[in-house]
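Colleague: These are the residues of each chain, in order.
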Amino acid sequence: MDSNKKYWKGLEELNQTPAFVENNKGEFAEPIPVEDVLNEAGLSTRTPRRDFLKALGFGLGAVTLAACNRTPVHKAVPYVIKPEEITPGIPNYYASSFNGQSILVRTREGRPISVEANPNGVGLNQGTDANTVASVLDLYDMSKLQNPQIGGKDVEWSKLDATVIAALTKAAAAGKQITIVSNTVNSPSTLASIAKLSAKYPTANHIQVDAISYSGIVEANKNNFGKAVIPSYNFGNAQIVVSVAADFLGSWLAGEEHTQDYIKNRDYKSLKNGKMSRHIQFESGLSMTGSNADVRIAIKPSEEGAVLISLYNEITGQSVAGGTTNAKAQTAIKLAAKELVAAKGKSIVVAGSNDVNVQSLVNAINTQLGAYGTIIDLDNYSKQHQGSDAAFQQFLTAAKAGQVGVAFFLNSNPVYDYFKAEDVKAAIAKIDFTLSFADRAEETASTLNAIAPVPTYLESWGDASSKEGLYTVVQPTINPVFNTRQAEQSLLVWAGETTSIYDFVKQTWDATILAGTGKSWKDVLQVGYIYKGTNQGSSYSANVDVNAVSSAIVADAKKVAGEVELKLYESTVMRDGRYANNAYLQELPDPVSKVTWDNYAALNPKFAEQLGLGENGKVKVEANGYSLELPVVLQPGQAMGTVSVALGYGRTHVGKAGNNVGYNAYPFATLVNGTVQLAAKATVTKASGTYELAQTQTHHTIEGRNIIRETTFAKYLKDPNSESGRFSDTHKTYDLWNKFEQPGHKWVMAIDLNACTGCGSCIVACNVENNIPVVGRDEVRRRREMHWLRIDRYYTIEDNGTKYTKEKEIAHIDDFENVTVVHQPMLCQHCEHAPCETVCPVLATVHSSEGLNHMAYNRCFGTRYCANNCPYKVRRFNWFNYWNDSRFDNYLNNEFTQLVLNPDVTTRSRGVMEKCSMCIQRIQAGKLQAKMENRKLKDGDVKMACQAACSANAIIFGDANDPESEVSKALRNERVYYVLEEINVQPNIGYMTKVRNTFEA
Amino acid sequence: MSSHNESILREPLMTGKGITYAQVTDDILLPVENKPNKAWWIGFIVAVCGAMLWVISVGYTFWTGIGAWGLNKTVGWAWDITDFVWWVGIGHAGTLISAVLLIFRQNWRNSINRSAEAMTIFAVICAATYVVAHMGRPWLAYWIFPLPNQFGSLWVNFNSPLVWDAFAISTYFTVSLVFWYCGLLPDIASVRDRAHGLRKKIYSVLSFGWNGSVKSWQRFEIVSLILAGISTPLVLSVHTIVSMDFATSVIPGWHTTIFPPYFVAGAIFSGFAMVQTLLLILRKVMNFEHYITMFHIEAMNKIIMVTGSIVGVAYLTELFIAWYSGSEYEMYAFANRIAGPYAWAYWAMMTCNVISPQLFWFKKIRTSIPISWILSIIVNIGMWFERFVIIVTSLHRDYLPSSWAMFYPTWVDVGIFVGSIGLFFTLFLLFLRFLPGIAIAEVKLLLKSSSLQHKTKLVQEGAFPEDQVEFFRNSLEKYDSVTEEEINALRKK
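Quick mapping for you: the protein sequence lines, in order, are chains V and G. Start counting at 1 in the first sequence, then tack on 24, and there's your number in our numbering. Start counting at 1 in the second sequence, then tack on 5, and there's your number in our numbering.
Hints listed in this document are in silico derivations from the structure and should not be mistaken for laboratory results. Note that the coordinates shown come from a computational prediction; the quantities given were computed from them, not determined experimentally. Glycine is no exception: its CB is placed at the ideal position from the N, C-alpha and C atoms. One or more hints might be untrue.
[Claimed, not checked] Using C-beta positions, here's what the derived DEER-type ranges look like:
#1 N93(V) with V137(G): 28 to 34 Å
#2 L760(V) with V137(G): 27 to 33 Å
#3 N93(V) with C54(G): 51 to 57 Å
#4 S332(G) with K299(V): 35 to 41 Å
#5 S332(G) with L952(V): 44 to 50 Å
#6 V137(G) with K296(V): 54 to 60 Å
#7 G113(V) with W328(G): 57 to 63 Å
#8 V290(G) with N908(V): 32 to 38 Å
#9 G713(V) with N292(G): 55 to 61 Å
#10 L952(V) with T322(G): 53 to 59 Å
#11 I231(G) with L760(V): 33 to 39 Å
#12 P96(V) with V137(G): 31 to 37 Å
#13 W328(G) with P767(V): 14 to 20 Å
#14 E919(V) with V137(G): 30 to 36 Å
Go ahead and model the full structure; you've got the sequences and the hints to work with.
Modeller: Take a look at the structure:
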């Protein structure tokens, strides 16, 4: 109903008296002297007492009201419709693969948080390398591109597609090459997608080039066997291993798989059976593999070939010219040859050289040793390193000649890792359209026309075939986070296909791999792989003209031989440099030098002294027309007159963590006989200035202390207790404290010093599992790295048959080439009489009834007394608030990257102590699982993160109250001793003596 | 105190002519009742600047974290605990002087006990700041006390020497403060009686209504004795317990049974050195030469010499035991002190603490004011190094060589230490400005028994045989506050 009623407030309004009309103009009945107050005079007037009190009252009231506001509540919103497979708090595991290794990805609430080996996988199935464990962080890397780019500007995918297709069409029409430059691609789906593109554009070709080239082996095998492949090596069958500069436990071919097999002949189980392999290493720089050798001879890079010639002569009794003249090497070769021959069929020689001739000679030797078919498998060959230096040369030539119309770079970064970056740049400049599939604008991608960023393997569908017959699947564990697209998908789109990548991978598998196996795609997703290879390779015989090969080797060696020789090597941590933005890896110390966040020039201490260099010195290295000023590491074991420099550093366009860390050493490389060679004649001069490397260990010898106990294999065979020197065998101990019963579980660990190679993947696994912050180079320099688990590396220097471990004696030694090394993983020993526990004033660290030393972060107020009183120095203090301090922003100070954190483990605030918890969250999860299944916890239900990452099985964890557990059995081993047992802290981690299978034995 | 005449063989504890009770009060209250002089202002401004440095350094540490210091995974304590032990040690002289010497009726303490006790209190305050500042989360410092709480009734760990420490230091501070304040009551009353206006009101409150009756004095004496009795064990206990922070650990170089007596001796040693440092300046600037005489200076030098020798024996014993133990870790710890990367600190300690006090065997040196002052500073430096050597050189190379590391201080470490000295002097100078620096009432006791003027009177009256007087005259030659004329007056009239 329409109403026009008007209510009046009083008779005045009704009558509209003049006074009312006047008053009604203002808002208030009386004028408010706002103007008066706000003008200058008003402000300067004295505030009356009452006004002051009013203002005070109002202020107080207002503040009180404001303070009544409750702390904002951040709500965790539950799923409206819960995905069937996700239960908050319970991890999900997905079978996938990384670099061809079958792995399990652990996800929590839909985000991947860690990666472990697939225990049922083929090949490497117990442990992973550090790169694999750390790879989960790359998913959360903020330095990656979030959109496709053309000319450095973000564009839509449709725009990119149109541009690319136009370029492809143009090139095809002009008859110009369309080249896909990639690193080794063994993925059937990727190859199929490339084939699709080739089908559409007939001028398309695909070349593979690896930053670290193994072309030499491929070429040699092609010449000698007619098979252009790299064989698989089964070191599990090798009783005698001679390696000439091959870091076969680290970066050479499939180091981690080699480790797994190699250690099976050296660990406590093998020793228990009275068996141990012998490993002889000839090399210039002290590699991780060399540090594990029983006998190690330091040679110059130019001597590698000569050593192999001598070895060949000794084995066959021939006298091919060009043998080594190095007396130490000659002696070792004589002994080694005798053993190699004696153990025919169980002995092998490997060489790290990328030279065709050297590898041919090695093939000849291994043929003599009967290693083909037993150790070396040419049937189930490796497909991990198919790069061809020659193919890349051809590409560069063609491009420079303007014959290439389009080039795509897939996992290939030649501007950074090819030794002549200028050549690559010149070639790229001549190509009409260039595009990279890099996930970030790295060195090469940033110089190209367009970038089609790809997601990480954790967001992708795909597959791999690291070995003939072995197919592993890559399945995504999260939706692509950024606006990225898999390279395969892009190639399909550009080839005019509309298939989705999932369908494409599935079709590829159904059509080629699964055919005839009786297995379905679903089976593959569950298991993660399919193996169609044979059990053992067949025997082969190399067809080598040894004399011709040897004279070529001698001729080439002369080019390298010099007063000083440079050896470039692939670092076991940083590899070829592609993981350079991974902060976990940057802070993982080098297994031998313990240097983090840098590469350096490794020099023999004596050689450095001759050059006038000491600690923190800098050196200028010149070779092949390139020079670098590098910080120096005084490296015992380094051959005199040699300098070793790691590749994989000096990235400039990789991201916040990795940019400008170290120096790029690739330009030192050169091309000889068509393959990239990593050794060169060099000059080394002292450079001005000093540079302090961030090392996690700066004292390198045991000072004659019994913390490391080592024996020889011969002594061990006579007495398994040899040198284990257990204090408790000869001394009675007394207890100050009451003995507490530990009726349930008693968690203990056994560490086999003979198995540990020092690789450090356990350290990264521990970091990932326990949210351990990366602190950066400066803080490591201040000796504040946070690693809960470290690997102590000690040298023993041998001079004239005497072994020296004391600082003062070593100062007088002249020969630093003969060095033996031991790696000792060191972590909280969970002492029964923990010195840390008695001194904590607030009981923040206490003992559990399961034998663990707990740390209650909330109770800790940071006196650091516990850390001081820890004889093992394994406690780590949060000096700063690493999680939220821009000074330590290596990677984690953003909400996205923080998603990598393991939700089961709290992050620690500034001012509290932390240390190894024995992955208490895993123990708890294992117990809960057993409880839910209404059964007892079984041995092996709970695995420590470090243990799971160890491919050498050097770390054994379990319940000491279960006499049948693996750890109980291991700890009953005669070799077991406890570090610092004599101070009666009663550690719960037993170590097994280091056994060396030396010649003297 | 004594109605009979003191032997003439005893050196006078107070010099000067024509001193009356009134003049004692006037002399001592001069700085309290007048505007401070230039020297005081200069000292105060410098000290306050130091204190500001302390505020900045500690503030920076609280803001950023302990990482501001030079500590690392191996060396978890360095300058912080070195400074803490240094200050606690310095505090010891005050209690020793006020309590132990009182019980032994050493009257010479009467002139120096007030400043020494004040020094104790301020030193303990400085030490206590480190207890809080060195914590990773200092806002939770109160957790060190077994307070009833709602954190699931968490309790402290009575096995931990740090808990004992908290009790020891807080007890020590409380008792020292009470003792000091009780002794101040009659003197505050004197200030009150001479003051006017607001000043009078304030001092009235502070004097707790002291009325100077015989009963008050009697109770005063009894309370002093009782507190002395309570304090005496504290002289031994506090540094014993501080030493247990180290002695009960497993770290070679720390795990040493000799630590309790060694630390106590060292504490008295450094405490007396600090008293000497302060009083030598004080007597000059405040014109207290007649009250703090050469006798006092020499007596304290002797104590420094004796305790310095005890400390020296302790150092040598440590070395012997390290060798005799046959424990390689123990042997290495000491070999490393002598010849390791921190050998310079060890030899600085040895020179300052063991060799320099031996100079006091020479009378000329122990009665020389400039040399005494310099040596007192040297001893304080040496005692700082002693704690540094014990803490840092033991930690930086302990059991596993892989963790061996060096410690390098940052500006914050230095700032907190220098700042704490500033804080100490700020408090001490304020004390001199507002409270009598010498115990007036106690000094007055000496006037009619141990003062030179009284002894002169007795000599003139012929109370002593001449050979004894001759001895007395000779003993006066070292006194800088006694003139030739006064010595000559020591003859029978």
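Colleague: A separate judgement is required for each hint: does it hold in the structure or not?
Modeller: Okay, the hints, checked on the actual structure:
1. N93(V) with V137(G): 28 to 34 Å: Holds - the Cβ-Cβ distance for N93(V) and V137(G), about 33 Å, lies within 28 to 34 Å.
2. L760(V) with V137(G): 27 to 33 Å: holds, 31 Å
3. N93(V) with C54(G): 51 to 57 Å: violated, 43 Å
4. S332(G) with K299(V): 35 to 41 Å: holds, 39 Å
5. S332(G) with L952(V): 44 to 50 Å: holds, 46 Å
6. V137(G) with K296(V): 54 to 60 Å: Because 56 Å falls inside the window, the suggested range holds.
7. G113(V) with W328(G): 57 to 63 Å: For W328(G) against G113(V), whose Cβ atoms are near 59 Å apart, the range 57 to 63 Å holds.
8. V290(G) with N908(V): 32 to 38 Å: violated, 51 Å
9. G713(V) with N292(G): 55 to 61 Å: holds, 59 Å
10. L952(V) with T322(G): 53 to 59 Å: Between L952(V) and T322(G), where Cβ atoms are some 57 Å apart, the hint holds.
11. I231(G) with L760(V): 33 to 39 Å: holds, 37 Å
12. P96(V) with V137(G): 31 to 37 Å: At roughly 32 Å between Cβ atoms, V137(G) and P96(V) fall inside 31 to 37 Å, so the hint holds.
13. W328(G) with P767(V): 14 to 20 Å: Since W328(G) and P767(V) have Cβ atoms about 46 Å apart, the given range 14 to 20 Å is violated.
14. E919(V) with V137(G): 30 to 36 Å: Given a distance of about 34 Å, which is inside 30 to 36 Å, the answer is holds.
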